[in-house]
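From first to last, the protein sequence lines stand for chains D and Z.
Each residue of the first sequence is one higher than the last, beginning at 1 in the numbering used here.
Each residue of the second sequence is one higher than the last, beginning at 222 in the numbering used here.
None of these hints come from the bench; they were simulated from the model.
Only part of the chain Z face toward chain D is listed, based on derived beta-carbon distances under 7 Å:
| # | residue |
| --- | --- |
| 1 | D252 |
| 2 | A257 |
| 3 | Q264 |
| 4 | T320 |
| 5 | E325 |
| 6 | L344 |
| 7 | K361 |
| 8 | R391 |
| 9 | D394 |
| 10 | V399 |
Partial list, computed: chain Z residues near chain D (C-beta under 10 Å):
| # | residue |
| --- | --- |
| 11 | R254 |
| 12 | P286 |
| 13 | T343 |
| 14 | S362 |
| 15 | R366 |
| 16 | T396 |
| 17 | V438 |
Using N, Cα and C, we set each Cβ at its ideal position, and we do this for glycine too.
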Amino acid sequence: MSYETKADLGGLPGFGKVVPEAEGELFHAAWEPRALALVLAMGATGSWNIDASRSVRETLPDYRELSYYQIWLRALEQLMQQRGQLFADEIASGEMRHAAAPVARVLRAADVQPALAKGSPTERPAPAAARFAVGQEVRMHAGKVDHHTRLPAYVQGRRGTIVRVHGAHVFADTNAQGLGEQPQWLYTVEFDEAELWGGDVPRQNLAVSVDAWESYLEAAA
Amino acid sequence: MSSDHPHDDSGHGDEHAHDHGHEHSELGEMDLRVRALESVLAQKGYIDPAALDVLIDTYQTRVGPRNGARVVARAWVDPAFRQWLLADATAAIASLGYTGRQGEHMVAVENTDDTHHMVVCTLCSCYPWPVLGLPPTWYKSAPYRSRAVKDPRGVLADFGTVLPEATRIRVWDSTAEVRYLVIPQRPAGTEGLSEEQLADLVSRDSMIGTRLAGAPVEQEHTA
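With the sequences and hints as input, model every part of the structure.
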């Protein structure tokens with residue numbers, strides 16, 4: 001079965017205007033903060049990594065019809081069901097009907113602040129020297145990949161310039177698939193609007209960048 | 222009740238996030254589903270319900286855009302801090318006590334007369350939580366994620382922000398684990414203000430790059 005993300009939205013037409021909102025409006029229903037907290041607390045059990053969770057979210061068939069907290073909640077249920085931690089009859093009934101599958105850690109109230117303050121840094125020792133340097137011209141890989149990736153369609157095949165080198169970071173593509181961290185050099189690559197959009201839209205005096213792992217890039221001819 | 226966002230009327234539990242000034246007797250489908258899930262996860266020993274309360278309280282009262290505003294105000298008044306922030310944002314921001322989840326690797330980008338920065342995550346909702354808190358709904362929405370990289374001036378217009386054509390717009394798509402903070406330009410005529418007063422001028426949206434510092438923002442509706 002081929003992998004299809006519903007979340008790669010950069011440059012797509014037809015979604016309408018952006019609706020601003022006040023700074024204090026964090027939640028729009030009582031269940032949303034509980035859902036957020038459940039996602040964070042289950043994430044802290046170490047049962048999956050952030051790339052695996054993004055992969056499940058972006059492949060939900062109704063991704064574009066769901067609100068963001070609905071996406072998070074649906075993906076949480078799916079991640080847990082995949083691991084035998086949760087079953088459909090339990091979601092429906094709100095009662096434990098199957099034995100618990102042990103988790104590596106349980107986030108206790110007293111540990112929340114230290115855990116959040118620590119986070120999960122993704123920088124790792126570099127496996128080799130960086131292939132590219134600031135100022136170098138590169139071309140982004142093109143073509144469908146059959147797994148989670150962080151290379152958006154709108155930059156695929158496009159020519160850009162390295163503007164920052166971030167060190168080696170956990171590679172999202174392999175980490176999402178359970179193939180390990182396989183750290184790679186991470187770069188910021190900048191593109192001129194003409195390279196990305198041609199004559200699609202009136203010129204805006206615009207440059208756009210993405211952060212890209214080394215294997216997304218090749219030296220521009 | 223707020224009228225400037227899509228409102229989901231399903232939610233009115235005890236822990237309701239803000240008061241809409243009216244009551245409903247029934248819980249919506251989503252409330253029931255989340256309550257059921259929380260109950261099962263607690264029974265299975267995967268979660269500590271008290272930890273959920275701490276998590277929610279953290280992002281409702283402790284970690285929000287005021288943190289980022291303090292970073293920006295410090296950069297405006299302290300040239301050495303500004304230099305540090307531009308050179309090593311993770312360390313400079315950590316020196317003010319803001320670290321961790323979804324801000325492990327920070328980069329600060331500074332608006333000038335020539336260049337205006339905007340931040341987006343076209344692939345999901347990547348956002349610098351330690352300095353800005355939880356992302357607003359619009360940041361996670363399809364309109365913002367699709368248009369920010371192609372028609373940022375149109376997006377800015379949705380916020381009432383108009384920039385000169387000569388100003389270069391620089392959009393940062395957060396496609397990995399680097400998180401971006403925009404340092405907006407300090408408004409003119411603020412020379413006499415204290416650091417705390419300056420922080421009051423720094424809106425969340427100005428640190429994402431959809432508004433200018435000191436510009437009016439949507440007010441929260443009170444019941």
